[in-house]
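Residue numbers (the numbering used here), protein chains in the order written: chain A, 1 to 354; chain B, 1 to 291.
In short, the hints are calculated from the structure, not lab data. Backbone N, C-alpha and C fix where the C-beta goes; we use that ideal spot for every residue, glycine too. Accuracy of the hints is not assured; some may be wrong.
One-sided excerpt, in silico: chain A residues whose CB lies under 8 Å from chain B [said to hold, decoys possible]:
| hint | residue |
| --- | --- |
| 1 | 86 |
| 2 | 128 |
| 3 | 131 |
| 4 | 179 |
| 5 | 321 |
| 6 | 342 |
| 7 | 345 |
Here are the simulated lysine-lysine pairs, DSS-like style, with alpha carbons at most 25 Å apart [what the hints assert, rightly or not]:
| hint | chain 1 | residue 1 | chain 2 | residue 2 |
| --- | --- | --- | --- | --- |
| 8 | A | 225 | B | 133 |
| 9 | A | 133 | A | 328 |
| 10 | B | 133 | A | 152 |
| 11 | A | 167 | B | 151 |
| 12 | B | 49 | A | 152 |
| 13 | A | 212 | B | 151 |
| 14 | B | 49 | A | 80 |
| 15 | B | 49 | A | 308 |
| 16 | B | 133 | A | 341 |
| 17 | B | 49 | A | 210 |
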Amino acid sequence: MMKALGSSRLNRRRFLTASASLGIGTIAAPYVARADDPTLRITGWGGKWGEVMKAEIGPAFESEFKCKLQTDSAFPYLPKLQASSRSAPIYDVLHTNSNEQWAAAEMGLVEPKIDPKLVPNLADVYPYAISDKIVGVSIFTSAIGLGMRTDKGYSGVTSWKELWDAKYNGVRGGYVIPVNSLGQAFLMMCGTLFGKGQLDLDAAYAALEKLKPIKIVDFTGAMEKMLLSGEVGLCVIHDSGIYRYDGQNQPTDFVSPSEGVLSLEQVLTITPGSKMKELANAYVNYMLRPEVQKRLAETVWYSPANRKVKLDPKYDAKLLTTPEKVSKLIQVDWKWYNERKDEIDQRVNRIFRA
Amino acid sequence: MSSAAPQRPNGLALFILPSVLLFALFFFLPIGLMAVMSVLTGNPVVAPKVAFTTRHYARMFDDPYYLEVIWTTIRIGLVTTLVALAIGYPLAHWMARIKSRTGHALLLMAVLAPMLTGIVVRTFAWMTLLSDKGVINQTLISLGLISQPLKLMYTETGIVVGLVHIYVPFMVLTLTGVIGRIDEQLEQAAENLGASPLRAFIEVTLPLSLPGILAGSLLVFALAISAYVTPILLGGFQIMTLPILIYQQISANFNVGFAAALGIVLLMISLLLVIAYNRALGLVSGQRELQ
Numbered sequence: 001m002m003k004a005l006g007s008s009r010l011n012r013r014r015f016l017t018a019s020a021s022l023g024i025g026t027i028a029a030p031y032v033a034r035a036d037d038p039t040l041r042i043t044g045w046g047g048k049w050g051e052v053m054k055a056e057i058g059p060a061f062e063s064e065f066k067c068k069l070q071t072d073s074a075f076p077y078l079p080k081l082q083a084s085s086r087s088a089p090i091y092d093v094l095h096t097n098s099n100e101q102w103a104a105a106e107m108g109l110v111e112p113k114i115d116p117k118l119v120p121n122l123a124d125v126y127p128y129a130i131s132d133k134i135v136g137v138s139i140f141t142s143a144i145g146l147g148m149r150t151d152k153g154y155s156g157v158t159s160w161k162e163l164w165d166a167k168y169n170g171v172r173g174g175y176v177i178p179v180n181s182l183g184q185a186f187l188m189m190c191g192t193l194f195g196k197g198q199l200d201l202d203a204a205y206a207a208l209e210k211l212k213p214i215k216i217v218d219f220t221g222a223m224e225k226m227l228l229s230g231e232v233g234l235c236v237i238h239d240s241g242i243y244r245y246d247g248q249n250q251p252t253d254f255v256s257p258s259e260g261v262l263s264l265e266q267v268l269t270i271t272p273g274s275k276m277k278e279l280a281n282a283y284v285n286y287m288l289r290p291e292v293q294k295r296l297a298e299t300v301w302y303s304p305a306n307r308k309v310k311l312d313p314k315y316d317a318k319l320l321t322t323p324e325k326v327s328k329l330i331q332v333d334w335k336w337y338n339e340r341k342d343e344i345d346q347r348v349n350r351i352f353r354a
Numbered sequence: 001m002s003s004a005a006p007q008r009p010n011g012l013a014l015f016i017l018p019s020v021l022l023f024a025l026f027f028f029l030p031i032g033l034m035a036v037m038s039v040l041t042g043n044p045v046v047a048p049k050v051a052f053t054t055r056h057y058a059r060m061f062d063d064p065y066y067l068e069v070i071w072t073t074i075r076i077g078l079v080t081t082l083v084a085l086a087i088g089y090p091l092a093h094w095m096a097r098i099k100s101r102t103g104h105a106l107l108l109m110a111v112l113a114p115m116l117t118g119i120v121v122r123t124f125a126w127m128t129l130l131s132d133k134g135v136i137n138q139t140l141i142s143l144g145l146i147s148q149p150l151k152l153m154y155t156e157t158g159i160v161v162g163l164v165h166i167y168v169p170f171m172v173l174t175l176t177g178v179i180g181r182i183d184e185q186l187e188q189a190a191e192n193l194g195a196s197p198l199r200a201f202i203e204v205t206l207p208l209s210l211p212g213i214l215a216g217s218l219l220v221f222a223l224a225i226s227a228y229v230t231p232i233l234l235g236g237f238q239i240m241t242l243p244i245l246i247y248q249q250i251s252a253n254f255n256v257g258f259a260a261a262l263g264i265v266l267l268m269i270s271l272l273l274v275i276a277y278n279r280a281l282g283l284v285s286g287q288r289e290l291q
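Between the sequences and the hints, there should be enough to build the whole structure, so can you do that?
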């Protein structure tokens, strides 16, 4: 005799099946519910930036624009974008430093400019953020200057040229110029310091030769660790790399050299093949909102690009938040630099080889 | 008149199919694509006008800098292999000949234990030892033996130290199997005929363990010349090797074609070594050529 269908008797097999279904359903529910939400694919940094984006800024954007943000924080981004199809790029919005944005624009991987009609907050940014030295828009900047240990008697550092002082032999820090924006910007600064200007490469090479011995790293995070451990005493670094340890009693300080600080811009661009143009522009506009800028600036110590941002006094005192302070920023001509990058890389690789 | 009987397909061959497909998809296809990219002016998938070029190879051989990088890579590989062999052979011999099962197990664990930790972690451990503010320099300075830190890191020696530590287990494990299969009675026979233990080792054990030496050396050399993390961290970017240069070309110069050409050269170096190994092994084992 066949067992009646729909019997309500609970046996072990049914219990396990029901439990498994319930478990899978619970895990999958949010994904199923949001399956139809449009997805904006962006790039972004890890660390504190990644934490605040994941916890606050990103979810708030998703909620307001009924979409999903998919962030790639596995650097380098440009080779991945380069390998993806132009008509279906891997990212809708590319966030990276200015030098890479210029390279991306030259390859036609990103749109060179942001439309102010689609991004109204563009009207409120400092001129540097949309200058002719910028592809897309710079949403934040850091000041590249000198980082120093305050417990080694290195007082009175006011100029970039102090880095060449023989007393820093063995504790001098710099970057792998071919792969690091700070290193590349510093090379251009060498031309200004010892030659006819940023474009004086011969003077820059000669200055770099005299900088040895120097400890070089590829990322600013590594330089921060070297400075904190005392492995280097005076180094090229951006202000955020020093200020982010504020309140931790670290014997380090940032020096804004009298010759000016270099600009390390955080730039957003939109890819030409993006199918989410409207959302991409909304994201750029959102990232320039004063409240978003304030939250991020006070988390990662980046200077906001929006003029209307009012930071708390502690941050306002150190970051570039007024036209006067911003005017000290020196921007690099990355288009010019990238056209000569192979030649520069070959030369500096030779200079710094052991 | 005889007709050839139709060959029945071996059912077991079907089991090899997944491996063949996997190998074709994840080994031959990427390498084939890399070879193609190395002789093109751009990426044909995304760029409309792409032409054949030899400029990536010409650039490599026109500029002595790249030849220096290739030689540095090979030199680091060779030194690492020789040091790993010098350290690994006695250890492998001991492991193969030890009578105690517990002793063998302990030795095996000692060899395998470092492999349970990631390469990055092990390299960072070496950095804490070798850096200017590291354990070695600080100890020597505190004892008054030196006034300035010794340059242990950012040198080829530092890289070789790190690589040897990572790759010695590969050498030991390869050699242990080969030495373990050598009949001990052969050594005893040599000694009974008047040879000293050293001579018995040199004339009997060593030649018979040559296939293991060659296999272990090939493995360590191939791993050492393609290493990326250790040369970068212990060399501090001041020692340029081919893998570092390849990464630089892809990540910062976005020159996939040149990076592919460098990759092909690295592959060619390894292939030449494999061919030389096969020939050497053929001679050692009395065959003209190994298939």
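Results for each hint:
1. Given hint, residue 86 (chain A) at the interface with chain B, holds; its Cβ is 5 Å from that chain's nearest Cβ, closer than 8 Å.
2. Given hint, residue 128 (chain A) at the interface with chain B, is violated; its Cβ is 24 Å from that chain's nearest Cβ, farther than 8 Å.
3. Using the Cβ-Cβ criterion of 8 Å, the hint placing residue 131 (chain A) at the interface with chain B is not satisfied: the shortest such distance is roughly 24 Å.
4. For residue 179 (chain A), the interface hint holds, the least distance from its beta-carbon to any beta-carbon of chain B being 4 Å, beneath 8 Å.
5. Given the 8 Å rule on beta carbons, the hint for residue 321 (chain A) is violated: about 32 Å separates it from the nearest Cβ of chain B.
6. With 8 Å as the threshold, the beta carbon of residue 342 (chain A) comes within range of chain B, its nearest partner Cβ sitting at about 7 Å, so the hint holds.
7. Here the hint on residue 345 (chain A) is kept, as its CB sits about 7 Å from the closest CB of chain B, short of 8 Å.
8. Note on residue 225 (chain A) and residue 133 (chain B): the hinted pairing holds, with a Cα-Cα distance of about 12 Å set against a maximum of 25 Å.
9. Under the criterion of a C-alpha separation no larger than 25 Å, the hint pairing residue 133 (chain A) with residue 328 (chain A) is consistent with the structure, at around 15 Å.
10. At roughly 14 Å between alpha-carbon atoms, residue 133 (chain B) and residue 152 (chain A) fall within 25 Å of each other, so this suggested pair holds.
11. Among the hinted pairs, residue 167 (chain A) with residue 151 (chain B) is consistent with the structure: their alpha-carbon atoms are about 18 Å apart, no more than 25 Å.
12. For the proposed pair residue 49 (chain B) and residue 152 (chain A), the alpha carbon gap of about 58 Å is over 25 Å, so the pair is violated.
13. In summary, the hint linking residue 212 (chain A) to residue 151 (chain B) is supported, as the alpha carbons are separated by about 14 Å, within the 25 Å threshold.
14. Pair hint residue 49 (chain B) plus residue 80 (chain A) holds up; C-alpha atoms about 20 Å apart against a cutoff of 25 Å.
15. Taking the CA atoms of residue 49 (chain B) and residue 308 (chain A), the gap is near 47 Å; set against the 25 Å cutoff, the hint is violated.
16. Distance restraint check for residue 133 (chain B) and residue 341 (chain A): the Cα-Cα separation of roughly 34 Å exceeds the 25 Å cut-off, and the hinted pair is therefore not satisfied.
17. Distance check on the hinted pair: residue 49 (chain B) and residue 210 (chain A) sit about 44 Å apart at the alpha-carbon level, beyond 25 Å; violated.
The earlier numbered hints that this structure contradicts are 2, 3, 5, 12, 15, 16, 17.
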